[in-house]
Amino acid sequence: MSSVTAIPEISKDAAHFQVVPGEVPVLNIRNLNVRSKNAQILKNINLVVPKNKITVLLGPSGCGKTTLLKCMNRLTDLYSELKLDGSIEIDGEDILSGKFDITQIRQKMGLVMQRPFPLPMSIYDNIAYGLKIKGIRKKSIISEKVEKHLREVALWDEVKDRLKTSAQRLSIGQQQRLCLARGLAVEPEIILADEPTSALDPISSRVIEEEFLKLKDDYTIILVTHILRQAKRLADFVVFMYYGEIVEYGPASEIFENPKTDILKEYLRVGH
Amino acid sequence: MTLRRKWEEKFFRVLTALVALLVVFVLAHILFTIVSKGASSLSWEILSQEPKGGFYMGGGGGILNAIAGSFYLAIGASILAFVVSLPVALFINIYLIRYHRLLIGVRFFLDVLWGIPSIVYGAFAFTIMIFFGLRNSLGAGIVTVGALIAPIMIRAMDEVLKTIPIGLQEASYSLGSTKTETAYKIFFKQALPGFATAVLLAFGRGIGDAASVLFTAGYTDHVPRNLSDPTATLPLSIFFQLGSPIEEVQNRAYAAAIVLTFIVLCISITARVLYRKK
Chain W
1 MSSVTAIPEI SKDAAHFQVV PGEVPVLNIR NLNVRSKNAQ ILKNINLVVP
51 KNKITVLLGP SGCGKTTLLK CMNRLTDLYS ELKLDGSIEI DGEDILSGKF
101 DITQIRQKMG LVMQRPFPLP MSIYDNIAYG LKIKGIRKKS IISEKVEKHL
151 REVALWDEVK DRLKTSAQRL SIGQQQRLCL ARGLAVEPEI ILADEPTSAL
201 DPISSRVIEE EFLKLKDDYT IILVTHILRQ AKRLADFVVF MYYGEIVEYG
251 PASEIFENPK TDILKEYLRV GH
Chain P
273 MTLRRKWEEK FFRVLTALVA LLVVFVLAHI LFTIVSKGAS SLSWEILSQE
323 PKGGFYMGGG GGILNAIAGS FYLAIGASIL AFVVSLPVAL FINIYLIRYH
373 RLLIGVRFFL DVLWGIPSIV YGAFAFTIMI FFGLRNSLGA GIVTVGALIA
423 PIMIRAMDEV LKTIPIGLQE ASYSLGSTKT ETAYKIFFKQ ALPGFATAVL
473 LAFGRGIGDA ASVLFTAGYT DHVPRNLSDP TATLPLSIFF QLGSPIEEVQ
523 NRAYAAAIVL TFIVLCISIT ARVLYRKK
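Going line by line, the protein sequences match chains W and P.
For the first sequence, this note's numbering begins at 1 and goes up steadily by one.
For the second sequence, this note's numbering begins at 273 and goes up steadily by one.
One or more hints might be untrue.
Stated by the list, open to error - Straight-line distance between alpha carbons at most 30 Å, and here's what the computed DSS-like set of lysine-lysine pairs gives:
1. 434/P - 461/P
2. 138/W - 434/P
3. 451/P - 145/W
4. 139/W - 108/W
5. 99/W - 164/W
6. 83/W - 99/W
7. 145/W - 434/P
8. 434/P - 164/W
9. 457/P - 134/W
10. 134/W - 461/P
11. 108/W - 134/W
12. 148/W - 451/P
13. 83/W - 51/W
14. 160/W - 461/P
15. 83/W - 434/P
16. 83/W - 139/W
17. 43/W - 138/W
What the hints assert, rightly or not - A few chain W residues facing chain P, derived, Cβ under 7 Å:
18. 106
19. 119
20. 120
21. 130
22. 133
In case anyone wonders, no lab produced these hints; they're calculated from the structure.
Glycine is no exception: its CB is placed at the ideal position from the N, C-alpha and C atoms.
With the rest of the complex left out, here is chain W:
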């Protein structure tokens, strides 16, 4: 485990979770275990996430998808009952080692949650906030970026005349896109999305899905979902989880057309 250049030590069960040839790994999770007081939430997770692809974490509710996502930017720190071991490497740095500035690591990842939580400020300031804490002070640069990222999520035309009004007055679909734009403004490498469409109506959901398909040209996207159809529409790679373990991992076509385990076969059958 000590050498960074060595081939990742993984259990033999995890052998097929290795990165697919031809893909550039961006996030490397090794032997990750997460325990709470009376349960093991994640068991020996090994996962390599390829760059500029949509990797979908699929599985039934309560299987640990969200916890795995929260480990990736250490939001698990907020929950004292969770104990983590193993390693999660981003750009070769183990973010669990505690050596690194957690705020900078978090800025490498934009988070989109199940429900949007706009910051208690104006639409403009919601985007500007992340820029300001990164140390960008120049107004012209901030304004430029606010426009750029609002356009990126197709929200600009809807809000350009009321940028100074409270973000909490937007519709929930608009809020979700604003939260995506807010995350993009800090220029992350990875977008972590935790069931981002679960609170949205079908049309708003479709807008978000289309955004993700466009964004993967510039970002790596890790998407948690339990909606099979959504996974099929978006996924390049699928991680199927069950009771805290990764059961299958592979390219989407392989997972959906040629499932190996009974539990995944059952999930795919019932999900239709």
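On the provided structure of chain W, position chain P as indicated by the hints.
Then chain P, alone, in the frame of chain W:
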């Protein structure tokens, strides 16, 4: 429904109505008493002048000393308490939130402080003042009342901060905010209407308290000009005037009570309106 359940239902409905009526009646009776006894004495003179010679024996003048003193004291104490309460309340909800047992302990401790009678605060402050050889003063009163209302303010702020969803906290951290930025830029803004309510609640408690200022702020017929002057307060003004055998002076006490009740009522209503807007 059986007959018994019907009667049970009726009985408790009537009981609820009676209790509610009783509460309203008591409040109305208090207001009626102070207004009927004090209204005749309420005049521009009494609101705008300091007591003149022999005021407590029926002489001329007013209670401006007490009105101004009470405002100075309560505003000063509220500012002082706010300066202490804001960081404490944020600290509890940002840092202590991970330590569940400690969190329960701290909240319990604050609730105990809240429950300590104000005379104990007054007596405690008084012993400290004697130790340092300090006189009664507006400054000492502000510190004492500030200490009295700080636990109230902290817990009121704490209750507001508790309602902030964990999702907002996660959103803030995932943008790369530090804990301090999350506290003062996100939580503070989100909780601002609730904080205004908390400050007003504490202000209302501070302005109406007599026991904590009895030994500490003193009493005087003049509006204080600086922090080391002693100061009059409305509750003590009421107390001293009610103790007079002269009916006219007693009625003035009720006029002072009208003023104090009016102030507290205005503050409570403002606090409620602000809280609803949230």
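Quick rundown of the hints versus the structure:
The suggested pairing of residue 434/P with residue 461/P holds, with an alpha-carbon distance near 14 Å, which does not exceed 30 Å. Distance hint between residue 138/W and residue 434/P is unfulfilled; the C-alpha atoms sit about 35 Å from each other, more than 30 Å. Distance restraint check for residue 451/P and residue 145/W: the Cα-Cα separation of roughly 25 Å lies within the 30 Å cut-off, and the hinted pair is therefore satisfied. In summary, the hint linking residue 139/W to residue 108/W is supported, as the alpha carbons are separated by about 23 Å, within the 30 Å threshold.
A hinted pair counts as satisfied when its Cα atoms are at most 30 Å apart, and residue 99/W with residue 164/W does not qualify at roughly 39 Å. The suggested pairing of residue 83/W with residue 99/W holds, with an alpha-carbon distance near 17 Å, which does not exceed 30 Å. Between residue 145/W and residue 434/P the alpha-carbon distance is near 34 Å, which puts this suggested pair outside the 30 Å criterion. Between residue 434/P and residue 164/W the CA atoms are separated by roughly 28 Å; this keeps the pair inside 30 Å, and the hint holds.
With a C-alpha separation of about 14 Å, the suggested pair residue 457/P and residue 134/W falls inside the 30 Å cut-off, and the hint holds. Among the hinted pairs, residue 134/W with residue 461/P is consistent with the structure: their alpha-carbon atoms are about 20 Å apart, no more than 30 Å. Restraint check for residue 108/W and residue 134/W: satisfied, since their Cα atoms lie roughly 12 Å apart, inside the 30 Å limit. Proposed proximity of residue 148/W and residue 451/P is supported: the alpha carbons are some 28 Å apart, at most 30 Å.
Between the alpha carbons of residue 83/W and residue 51/W the distance comes to roughly 28 Å, so the proposed pair stays at or under 30 Å and holds. Taken as a hint, the residue 160/W and residue 461/P pair is honoured in the structure, with Cα atoms around 23 Å apart against an allowance of 30 Å. Between residue 83/W and residue 434/P the CA atoms are separated by roughly 24 Å; this keeps the pair inside 30 Å, and the hint holds. Restraint check for residue 83/W and residue 139/W: not satisfied, since their Cα atoms lie roughly 42 Å apart, outside the 30 Å limit.
Note on residue 43/W and residue 138/W: the hinted pairing is violated, with a Cα-Cα distance of about 46 Å set against a maximum of 30 Å. Annotation: interface hint on residue 106/W holds; nearest CB of chain P at approximately 5 Å, less than 7 Å. For residue 119/W, the interface hint holds, since its Cβ comes within 7 Å of a Cβ in chain P; the closest pair sits about 6 Å apart. The interface hint given for residue 120/W holds, since its Cβ lies 4 Å from the closest Cβ of chain P, which is under the 7 Å cut-off.
The criterion of a C-beta within 7 Å of any C-beta in chain P is met by residue 130/W, whose closest approach is roughly 5 Å, and the hint holds. At a threshold of 7 Å, the smallest CB-CB gap from residue 133/W to chain P is about 6 Å, leaving the interface hint in force.
This entry does not satisfy hints 2, 5, 7, 16, 17, going by the numbered hints stated previously.
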